[in-house]
Amino acid sequence: MAGILEFETKPKVFLAVQDSLLMVKRSSTHILRNTDQLLGAFFQPIMFLVLFATVFGGAISKALPAGVTYLNFLMAGIIVQTVAFGSTTTAVAVCNDLQKGIIDRFRSLPMSNIAVLNGHVVSDLFRNTISTVVMLLTGLIIGFRSHASVVAWLAIASLLLLFTFAFSWLAAIVGVFAKSVEAVQWLTFVIIFPLTFASTAFVPAEGMNHVLKAFALNQPITQVVEAVRALILGTPIGNYGWLAVIWSVAILVVAVPVASWLFRRKTSQ
Amino acid sequence: MPTSDYVIKAKNLTKSYGSNEVLRGIDLKVQRGTMLALLGPNGAGKTTTVRILSTLLKYDDGTVTVEGHDVTTDADKVRSVIGLTGQSAAVDELLTGRENLVMMGRLYRLTKASAVARAQELLEEFDLVKAAERPAKTYSGGMRRRLDLAVSLIATPPVIFLDEPTTGLDPRSRLAMWGIIERLKQAGTTILLTTQYLEEADQLADRIVVIDGGKVIAEGTAAELKSKIGNDRLQLTFKDIASLTGAKGVLGKRVIESDEKSFTVTVLITDTNNDVRKALEDIAAAKIVVQALDIHKPTLDDVFLSLTGKQKQPEKSQKGKK
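As you go down the protein sequences, you meet chains A and B in turn.
The first sequence begins at 0 in numbering that gives the first Met the number 0 and counts up one residue at a time.
The second sequence begins at 0 in numbering that gives the first Met the number 0 and counts up one residue at a time.
I should point out that these hints are in silico values taken from the structure, not numbers from a laboratory.
Positions of the beta carbon are idealized from the N, C-alpha and C atoms, including for glycine.
There could be a bad hint or two in this list.
What the hints assert, rightly or not - With a cut-off of at most 20 Å between alpha-carbon atoms, the simulated PhoX-like pairs for lysine-lysine come out as follows:
(1) A:99 to B:136
(2) A:11 to B:76
(3) B:57 to B:10
(4) B:136 to A:24
Said to hold, decoys possible - In silico contact screen, one side only, chain A against chain B (beta carbon under 8 Å); selected entries:
(5) 4
(6) 6
(7) 18
(8) 29
(9) 33
(10) 37
(11) 100
(12) 103
(13) 106
Could you put together the complete structure from these sequences and hints?
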């Protein structure tokens with residue numbers, strides 16, 4: 000026996016935060032060890048960026064304001080799309096934990112159970128940051144240019160982190176709700192695919208029909224894309240900035256309690 | 000210190016899923032520092048009982064306390080004194096053995112230094128030092144179970160639940176697991192073990208509770224149960240009918256069964272060593288040659304046959320969880 004074991008004597012709230020940090024460390028280690036997923040986080044954005052820029056670039060650039068290249072226009076859209084698609088990983092990770100025996104282990108420990116969700120959601124920020132940096136570097140190589148100031152880039156980073164955090168919590172709901180990883184995949188597909196494509200992420204709204212345009216201009220992905228795009232291109236940001244923040248906060252306000260409640264219910268039967 | 004000498008207490012425990020009554024009034028008590036085996040076939044309610052005792056599952060009625068703490072209202076206090084090793088090895092597959100141990104130790108509220116030191120100690124004790132830096136998904140079934148058990152012991156909890164710890168293990172891994180459990184017992188840990196193997200309960204446990212269909216059908220020490228179930232039986236085979244008849248004459252009342260087609264007699268034995276020797280000596284004295292002998296130990300089937308009057312139920316779905 001290794002001497003006498005010492006137990007933490009910190010207050011309960013502090014220990015709950017410590018549990019969450021331990022879970023963030025666990026989920027982040029998963030991201031780094033799961034090589035298939037890591038390669039996905041690396042190459043998927045590169046592929047999307049290069050394909051969209053080269054395949055659609057010629058056709059769409061005619062619809063863009065003078066002086067704006069499609070690559071510069073596309074960058075904001077592709078970053079937000081990657082973040083949205085990437086949230087599937089959170090949903091899968093949450094679902095996996097719940098389906099496997101590991102959740103029983105966590106539940107039999109005197110820990111804060113919700114830390115398991117916190118771990119996945121926070122480590123998602125970490126993975127998305129990798130993806131975004133990879134995309135920006137790839138963009139720079141194939142001709143992306145921005146004159147945005149350091150302050151503008153900080154605003155972009157903050158907005159993207161807030162949006163990613165909100166979207167991951169949304170994905171956590173799907174992960175708790177779904178009965179299998181397969182279900183997670185089609186559920187997120189059905190939600191995320193229309194949201195990202197029926198937005199101004201890849202094309203300007205001008206060419207869309209009325210119904211589609213009305214939807215596209217009033218949904219969160221578009222607000223975030225337009226806000227980031229305005230910051231990158233240095234064009235007026237209009238209402239998009241605060242609308243993007245309001246949408247993200249609204250999603251968080253709803254998704255965090257719902258995901259936590261569902262998770263508690265599912266783990267306390 | 001808790002005053003009660005019974006660490007785990009369950010009284011009139013019931014649990015249903017809809018109209019499916021899984022537990023129909025289970026009573027059990029485990030004395031400090033002893034091991035109780037919950038013996039029963041698949042679907043008897045063993046896993047459901049363990050999940051309730053270890054705070055994982057809500058129950059419908061009854062009272063359940065561990066170290067004096069109610070499992071429903073004082074779940075966190077219960078969790079800080081128990082360790083649980085379930086049927087599906089609950090370790091993190093992508094983390095290494097050492098990382099699993101340290102992380103779980105921290106979640107048990109050990110200080111970092113204690114968690115790290117204790118992890119090393121357990122890796123050594125469970126023969127996992129060489130595999131310590133490998134992700135758990137590369138472990139064999141036996142190694143995974145050992146890691147799982149080690150994780151449950153990281154904070155040296157005074158109470159351990161072992162849910163079918165050897166199911167699915169090869170004989171060598173099973174023996175290794177038995178050794179580990181035996182050492183735990185010697186260290187004074189209070190243990191509740193579930194098993195479908197009578198032999199396992201017999202080898203390890205101080206007391207055995209037999210459950211079937213969500214009810215306790217027998218309870219006692221291994222010896223007590225065996226005397227209830229029926230004892231070991233000695234089966235002797237002879238070469239012809241003459242020897243058989245002669246042997247029956249010599250053994251007299253001890254014979255409980257004989258078969259004139261296969262030339263066998265079955266003798267009831269209570270004290271294996273003496274009774275077998277006595278029977279063989281008597282036969283040898285009458286100059287009768289025994290061709291084959293077989294000692295038949297009671298199996299779980301015999302337990303159920305004699306306690307319930309019916310054969311063990313065929314495999315049923317046994318997961319207590321939804």
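Now for the hints, and whether the structure bears them out:
| no. | hint | in the structure |
| --- | --- | --- |
| 1 | A:99 to B:136 | holds, 13 Å |
| 2 | A:11 to B:76 | holds, 13 Å |
| 3 | B:57 to B:10 | holds, 14 Å |
| 4 | B:136 to A:24 | holds, 18 Å |
| 5 | 4 | holds, 5 Å |
| 6 | 6 | holds, 5 Å |
| 7 | 18 | holds, 6 Å |
| 8 | 29 | holds, 5 Å |
| 9 | 33 | holds, 6 Å |
| 10 | 37 | violated, 12 Å |
| 11 | 100 | holds, 4 Å |
| 12 | 103 | holds, 5 Å |
| 13 | 106 | holds, 6 Å |
Comparing the model with each numbered hint stated earlier shows that hint 10 is the single one that does not hold.
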